[in-house]
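A.B. asks: Sequence:
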Amino acid sequence: MKLKTLSIAMMALAATGVAMADEIRTMQENENNWVSAAGNYNNQRYSKLAQINKDNVADLKMAWTFSTGVLRGHEGNALVIDGTMYVHTAFPNIVFALDLNNDGAIKWKYVPKQNYDETVPVMCCDTVNRGLAYGDGKIFLAQADTVLVALDMNTGAPVWSHKRDDPKRGATSTGAPHVFKDKVLVGISGGEFGVRGYVKAYSLDGKEMYTAYGVGPDDEMIVDPKNTLSMLKPIGKDSSLKTWKGDQWKIGGGTTWGWYSYDPDLNMFYYGNGNPSTWNPTQRPGDNKWTMSLFGRDLDTGMAKWIYQMTPHDEWDYDGVNEVPLVEQKINGKMRKTLVHFDRNGFGYTMDRVTGELLVAEKFDPAVNWSKGVSLKTGLHDRVAKYSTGRNGADVNTTGICPAALGSKDQQPAAYSPRTGLYYVPTNHVCMDYEPFEVEYTSGQPYVGATLNMFPAPGGTHLGNFIAWDARVGKIVWSNPERFSAWSGALATASDVVFYGTLEGYIKAVDAQTGRELWRFKTSSGIIGNVNTYKHEGKQFISILSGVGGWAGIGMAIPSLENDSDGLGAVGAYKALSSWTNLGGVLSVFSL
Numbered sequence: 129m130k131l132k133t134l135s136i137a138m139m140a141l142a143a144t145g146v147a148m149a150d151e152i153r154t155m156q157e158n159e160n161n162w163v164s165a166a167g168n169y170n171n172q173r174y175s176k177l178a179q180i181n182k183d184n185v186a187d188l189k190m191a192w193t194f195s196t197g198v199l200r201g202h203e204g205n206a207l208v209i210d211g212t213m214y215v216h217t218a219f220p221n222i223v224f225a226l227d228l229n230n231d232g233a234i235k236w237k238y239v240p241k242q243n244y245d246e247t248v249p250v251m252c253c254d255t256v257n258r259g260l261a262y263g264d265g266k267i268f269l270a271q272a273d274t275v276l277v278a279l280d281m282n283t284g285a286p287v288w289s290h291k292r293d294d295p296k297r298g299a300t301s302t303g304a305p306h307v308f309k310d311k312v313l314v315g316i317s318g319g320e321f322g323v324r325g326y327v328k329a330y331s332l333d334g335k336e337m338y339t340a341y342g343v344g345p346d347d348e349m350i351v352d353p354k355n356t357l358s359m360l361k362p363i364g365k366d367s368s369l370k371t372w373k374g375d376q377w378k379i380g381g382g383t384t385w386g387w388y389s390y391d392p393d394l395n396m397f398y399y400g401n402g403n404p405s406t407w408n409p410t411q412r413p414g415d416n417k418w419t420m421s422l423f424g425r426d427l428d429t430g431m432a433k434w435i436y437q438m439t440p441h442d443e444w445d446y447d448g449v450n451e452v453p454l455v456e457q458k459i460n461g462k463m464r465k466t467l468v469h470f471d472r473n474g475f476g477y478t479m480d481r482v483t484g485e486l487l488v489a490e491k492f493d494p495a496v497n498w499s500k501g502v503s504l505k506t507g508l509h510d511r512v513a514k515y516s517t518g519r520n521g522a523d524v525n526t527t528g529i530c531p532a533a534l535g536s537k538d539q540q541p542a543a544y545s546p547r548t549g550l551y552y553v554p555t556n557h558v559c560m561d562y563e564p565f566e567v568e569y570t571s572g573q574p575y576v577g578a579t580l581n582m583f584p585a586p587g588g589t590h591l592g593n594f595i596a597w598d599a600r601v602g603k604i605v606w607s608n609p610e611r612f613s614a615w616s617g618a619l620a621t622a623s624d625v626v627f628y629g630t631l632e633g634y635i636k637a638v639d640a641q642t643g644r645e646l647w648r649f650k651t652s653s654g655i656i657g658n659v660n661t662y663k664h665e666g667k668q669f670i671s672i673l674s675g676v677g678g679w680a681g682i683g684m685a686i687p688s689l690e691n692d693s694d695g696l697g698a699v700g701a702y703k704a705l706s707s708w709t710n711l712g713g714v715l716s717v718f719s720l
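Per our numbering, the very first residue in the sequence shown carries number 129; after that it's consecutive.
If you're looking for bench data, these hints aren't it; they were derived computationally from the structure.
Take these hints with a grain of salt, some might be off.
Unchecked claim - Below 30 Å or equal to it, Euclidean Cα-Cα: the simulated DSSO-like pairs (lysine-lysine) are:
#1 Lys-373 / Lys-311
#2 Lys-433 / Lys-458
#3 Lys-663 / Lys-433
#4 Lys-235 / Lys-500
#5 Lys-514 / Lys-370
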């Protein structure tokens with residue numbers, strides 16, 4: 129039976145209420161489709177398609193384009209399922225279903241009804257949305273106003289929806305939902321407003337299953353003091369509460385707007401969470417557990433099997449939300465089920481995803497200076513006192529910290545190739561000055577408490593690199609400098625061609641072994657979206673969402689931000705970007 133026929137048959141079973149196998153696990157084996165945000169549960173962003181290769185990639189031409197009609201930053205990528213492409217936009221989060229069998233004609237369009245005045249003003253770092261999810265015949269959209277809606281994949285009609293939070297208190301939704309087996313998972317944004325982060329799980333028909341917080345009491349975090357491990361040891365009772373002053377954990381941040389992965393054999397899902405609130409570390413003594421942490425949880429119950437905190441008592445806004453690809457590799461002579469994470473703090477972590485054991489932790493940008501390194505025994509950093517904003521104190525400007533708050537890498541996801549054994553990582557090469565100040569919490573108002581200025585790392589003028597990384601040993605294999613941060617998600621293919629986009633608007637193809645550029649094309653706007661691929665009627669296509677914005681492009685998205693320190697420091701660093709591109713959401717599709 130063909131996979132397309134099988135997926136349709138499984139949808140029919142779901143409609144009749146018959147118990148079914150893991151639909152997505154089967155569908156993602158069809159390399160012609162792209163059925164989830166990263167294409168696969170393992171978050172590798174790898175495609176087996178190889179029609180476009182090193183010999184012919186220079187002949188890629190624009191096949192067709194589609195304007196979304198929205199001008200703000202476009203992150204994420206489209207889904208492709210059996211001849212239909214599903215495209216999302218920044219706020220107001222429109223969803224389009226495009227018929228690939230009819231020259232991309234619009235099959236249906238869903239426009240959410242959201243309150244602009246309540247929602248947009250409390251969205252940190254642009255009005256982005258990172259994409260859609262598919263499951264059980266439905267397309268799932270996490271709207272900015274925290275409504276999760278399930279749309280009929282054939283008609284666009286809402287099947288069910290649920291509002292899990294409230295923008296009036298600063299809670300919004302920018303991350304993509306994730307469908308794993310029989311559940312859809314969503315996180316929350318709003319760490320800059322004191323929102324306490326969580327992951328919420330629903331059944332595919334809309335029943336609330338559990339909510340797992342990242343900070344607070346053990347039961348609300350869904351942890352077991354005796355059996356939930358950190359660095360291979362039980363976390364103990366009240367492991368989070370003991371690391372906060374009084375009730376600060378209630379407005380402690382640790383939001384969950386990044387990319388999640390799932391191992392169906394272990395039935396565990398993985399993700400990271402963000403910064404503790406406020407950005408002024410002098411106001412929140414303690415390690416602030418479990419913000420800035422990676423979690424491995426049981427999908428059915430939400431129970432945390434292990435947690436690892438990458439940046440205890442964060443002093444620089446080094447959110448830990450970045451993607452966590454799952455790969456089997458040999459580390460120190462032993463085959464491991466690994467999880468790899470490129471953190472904002474500038475370190476690439478390789479962990480055993482079964483136990484949470486830390487295997488490798490090394491800098492993936494040589495400019496990183498706040499830490500000399502990580503102990504594999506304790507998991508802790510050897511911090512450099514000179515760059516400690518907490519030690520230097522409030523109202524003191526700590527200068528020359530590398531990386532900047534947007535990290536050596538933000539949410540733009542890396543790709544992994546099982547052919548080369550390497551990760552392909554879009555990175556930032558940016559440093560900062562950071563001055564914390566006292567701030568009071570008011571619900572629905574910014575709770576930041578720091579002034580930042582950002583600039584290129586020492587020794588050059590470029591703001592980014594696109595690198596190949598060997599996570600087995602923690603080494604850069606090759607590195608290509610980029611004028612601006614590489615803020616686009618990467619794609620690796622079976623022909624050893626790797627694709628990514630640039631803030632100026634170029635989509636590029638490079639040799640997976642050497643990094644040599646093979647092809648580039650200037651799209652309509654700067655790229656902060658993720659590259660993906662699919663095959664239709666025997667032909668392979670490459671697609672990318674353009675639309676400059678996001679944190680790096682916030683000065684263009686909001687022209688009224690004029691001071692260098694505006695946009696949490698990004699406006700000054702990326703001021704030259706307006707000389708290279710302009711606003712505009714466009715889907716660009718290429719083929720031979």
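A.B. asks: Checking against the hints above, which ones are violated?
C.D. replies: 1, 3 and 4
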